[in-house]
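Trainee: Using our numbering, the letters of the sequence shown correspond one by one to residues 1 to 380.
Simulated from the structure, these hints should not be mistaken for laboratory data.
Glycine included, C-beta positions come from ideal geometry on N, C-alpha and C.
Warning: the hint list may mix true and false statements.
As the list claims (entries may be wrong) - No more than 30 Å apart at the CA atoms, straight line, and that leaves these computed lysine-lysine pairs for DSS-like: (1) K275 x K261; (2) K105 x K57; (3) K313 x K344.
Unchecked claim - What follows is a set of in silico ranges between Cβ atoms, one per label pair, in the way DEER data are often shown: (4) M135 x D89: 16 to 24 Å; (5) N317 x T27: 23 to 31 Å; (6) Q97 x R376: 23 to 31 Å; (7) L370 x E153: 51 to 59 Å; (8) N317 x R189: 46 to 54 Å; (9) D111 x A133: 23 to 31 Å; (10) E83 x R376: 17 to 25 Å; (11) A281 x K57: 26 to 34 Å.
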Amino acid sequence: MPSLAADPQLSEGFEHFYNLEYPQAITFFRAATVREPEKPERWNHLAQALLYSEMFKAGALESELVSGSNPFVRREKMQPSAEVAKQFDECVAKALQLGNDRIAKNPRDRDALYALGIAYGLRANYNYLVRKAWMDSLRDSSSARKAHARIAEFYPDDVDCRLIEGVYSYIVGSLPWHIKTLGFLAGYRGDREGGLKTLRLVADKGLQNRYDARVILSALYRRERRPTEALPLLQSVSERFPRNYLFRLEMVQMYSDAGNKDAAIAILARLEAEKVANTPALANVPVEKIWYYRGNLLFWYRDYETAIQHLRKATPNAPALDLHTAVMTWLRLGQCYDLTQDRKSAQSAYREAMKLGPDTDAAKESKNYLNSPYKRPADV
């Protein structure tokens, strides 16, 4: 997540960004690079908007994608267009060049160090999500941490620079031991709980990065099976950015994880009512997304017949959804059919998942169920 702009001139761009209005954010930040091309942070802002726009299209901004047993070494590959990839690379390269030029003149330049850390962090995300170059991603993450560690050294009261440190510490602390022995980690072992505590500090006391830390922390709390700690964080960012419906959908996931089915259903009911009423804040959310979330929730609560009703409503216009949700809708529908002994319908749903997103993990899982019906373990 990028930081909120301390510069009031950029507040409009970040309002668009945090409310999922990426085309408007990209236009705004592109204009900022024209006005002030000498500032590395301007190029970072544009790169951030380009990357997150692609993540949004792929459905990669939702916490269920980081709730697995080891999501930091396995993630579906994103496929941005060649033009977007070129623009992103150019923006990051420009930010790194400008930042390094300023550091050469003043090694204690806080803004330049901050821009370097963000640029390395963005490239780390890109290497991970697009290039699938895991080791390159980890190297860039290490460079990002080191740049912001220098800020902490020079300016110990700067809380915002601790964001990357917290994320990096958590990720490295979650890695298998054989990866931690890699030379470029230089003995850095990470600390999962320490990383969470650092992120909590930024979430509570940060100025630029307060909301970023809350979003990241809520996703990591879900991975740690601590949903009740995530809910207040999501509530605060949802209130601050009301057009970002993903925060409310994340609350559905957290309430479900916490065993509070009624609260989760209530959020979905409000979202659907607001969508039907053409509430401006939900103009960009496909109603099919809400139906999928309701069907998925009911699946986990073993109400398969009702889940099928909602998932079937979402499938006719599945292409309106992000790829992850669209394929998951068909996979989950197939599983529900299998669990209600409708094998023919289940196989049909699995084939639709494979056709819609053949390279996705959900499609590969669907393929496994074509010849062997899905059977849900008793403890899942």
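Trainee: Each of the hints needs a verdict: does it hold here or not?
Mentor: Going through the hints against the structure:
no., hint, in the structure
1, K275 x K261, "holds, 21 Å"
2, K105 x K57, "violated, 40 Å"
3, K313 x K344, "holds, 19 Å"
4, M135 x D89: 16 to 24 Å, "holds, 19 Å"
5, N317 x T27: 23 to 31 Å, "holds, 28 Å"
6, Q97 x R376: 23 to 31 Å, "violated, 53 Å"
7, L370 x E153: 51 to 59 Å, "holds, 57 Å"
8, N317 x R189: 46 to 54 Å, "holds, 48 Å"
9, D111 x A133: 23 to 31 Å, "holds, 29 Å"
10, E83 x R376: 17 to 25 Å, "violated, 43 Å"
11, A281 x K57: 26 to 34 Å, "violated, 20 Å"
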